[in-house]
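**Q** Starting from the structure of chain A, add chain B where the hints point.
Protein chains in written order, with our numbering: chain A, 1 to 259; chain B, 1 to 259.
No lab work stands behind these hints: they were computed from the structure.
Mixed in with the good hints, there may be bad ones.
Identical copies carry no separate label here, and so any pair may be met within one copy or between two of them.
In the BS3-like style, the derived pairs of lysine-lysine whose C-alpha atoms are separated by at most 30 Å in a straight line are [stated by the list, open to error]: (1) 77 to 245; (2) 251 to 77; (3) 245 to 180; (4) 30 to 77.
These numbers come from a predicted model, not from an experiment.
Number of protein chains: 2
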Amino acid sequence: MTRFILSIAYDGTGYAGWQVQKIGTGVQEKVEAALAQLFPRRPRLHSSSRTDTGVHALGLVAHFDIPIAAWRPAARKLVLALNAHLPEDIRVCAARRVPAPFHARFDATGKQYRYFVWNHPAMNPLRRGTAWHVPRPLDVPAMRAAARVLVGRHDFRSFTANAGYRPQSTVRTLTRCDLKRNGPLLTFILEADGFLYKMCRGIVGTLVQVGLGKFAVEEMETMLARRDRRGAGMTAPAHGLVLWKVFYPAKIRQRKPTG
Amino acid sequence: MTRFILSIAYDGTGYAGWQVQKIGTGVQEKVEAALAQLFPRRPRLHSSSRTDTGVHALGLVAHFDIPIAAWRPAARKLVLALNAHLPEDIRVCAARRVPAPFHARFDATGKQYRYFVWNHPAMNPLRRGTAWHVPRPLDVPAMRAAARVLVGRHDFRSFTANAGYRPQSTVRTLTRCDLKRNGPLLTFILEADGFLYKMCRGIVGTLVQVGLGKFAVEEMETMLARRDRRGAGMTAPAHGLVLWKVFYPAKIRQRKPTG
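One chain only, chain A, in its complex shape (with noise of 0.2 Å):
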């Protein structure tokens, strides 16, 4: 048995995600049914993460087994043959093999997502879908404040939605959340241990809520504390949501690829 690990990047516009799903499509069928063209069982991906009905990703981490063997060429021969057959909204950017124990979301250490909003009066018309429209304008120095309050080990029950099911614990720990401006153009990096389901956009809503003067910097505490969903801000929406890298470590990052 051979592992690969695969760097997956997409247009999440025309999914209903990454997984598999009963309604819609998922972009993992995309990418099974394309190593089904190449590989006698259709392979089995296993990801770092999932992504929702509509967020974009540039790199999200997957990997898969092949029998021994049946694939001898170099690892990014594979990116070629792979992007052959996917559709142009999804694209392989990388492919190596690597030791079996490895895992795409048991290694994985971390996560960056970032978040894009264009604040004009004029949404610009190259980014309407991958930036949320937020025509008022934004206190920056206020977000930043707030942002500052999340960041570090906490509890972020009050920025999670209700999947259905219950995480274990919904205590994580959020390493970076930054806010860079460009011009219209602003970017939230977000980097945490793990994300809780719609986390990054609880917190980009909240945070643009407290840009627009709807929460005060000093209410952060409370709704941390709350633990309530319904004491945060809105959830931002999808489109503006990119998942950026997946982080490992050193040991399995460093490693030279073998293909």
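**A** Below, chain B without anything else, positioned relative to chain A:
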């Protein structure tokens, strides 16, 4: 009579360029249709530029006239009113009143275009409508050296396609031809007092071929001297090109909006 200028942005994917077309839809007719919803006689737009089929714009400038007092609110309200009548791929970003002698085309002193290339074996699916995918590695220092040869006042006939008409002169002054790299994203920034038909795309296509080793930097002088389209390189595809901004003399640019 009152004259207004508009700054207009559009995703050119679905349009046969700016100008009203016999076949296909021009962006101009969509904006004129929106104006017709607000003003008695359908005002005619006079633009700074005509973009080709599939080319985008973030800062095209156009002016139009309405009967005096046909619009009493502030000019910025016109932005909202027009956008309410426009499809999502076209946005009016700014509007203001100008004195009648102003002309969007004849008063323009220069233009800036940007061209985006995604230089990686796999295309970024979020940039597939706004960047040209060049999978093979590029020699960026050679491309920059070749770009420097083009800066200045030259006859750019070798870089313009035959549009079925002959301009009086094919001499233009290219004041800027920069190339920035940010990971796999290359951004070309081109500024000139004016651009010939498909000139930006001829320059970018040729520079990319320099980067691929098809032309040497030393050949650039010869290409210019030949004054023959067949002497230069390929025309880069339309979807990577964006009309970024149009320059006007400081006395027009710096005047406070009157609306």
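**Q** Take the hints in turn and mark each one as holding or not.
**A** Verification of the hints:
1. 77 to 245: within (22 Å within a copy, 41 Å between copies)
2. 251 to 77: The answer is within: 24 Å in one copy meets 30 Å, while 58 Å across copies does not.
3. 245 to 180: Result: close both inside a copy and across copies, 18 Å intra and 23 Å inter.
4. 30 to 77: within (19 Å within a copy, 46 Å between copies)
Comparing the model with each earlier hint shows no violations; every hint is respected.
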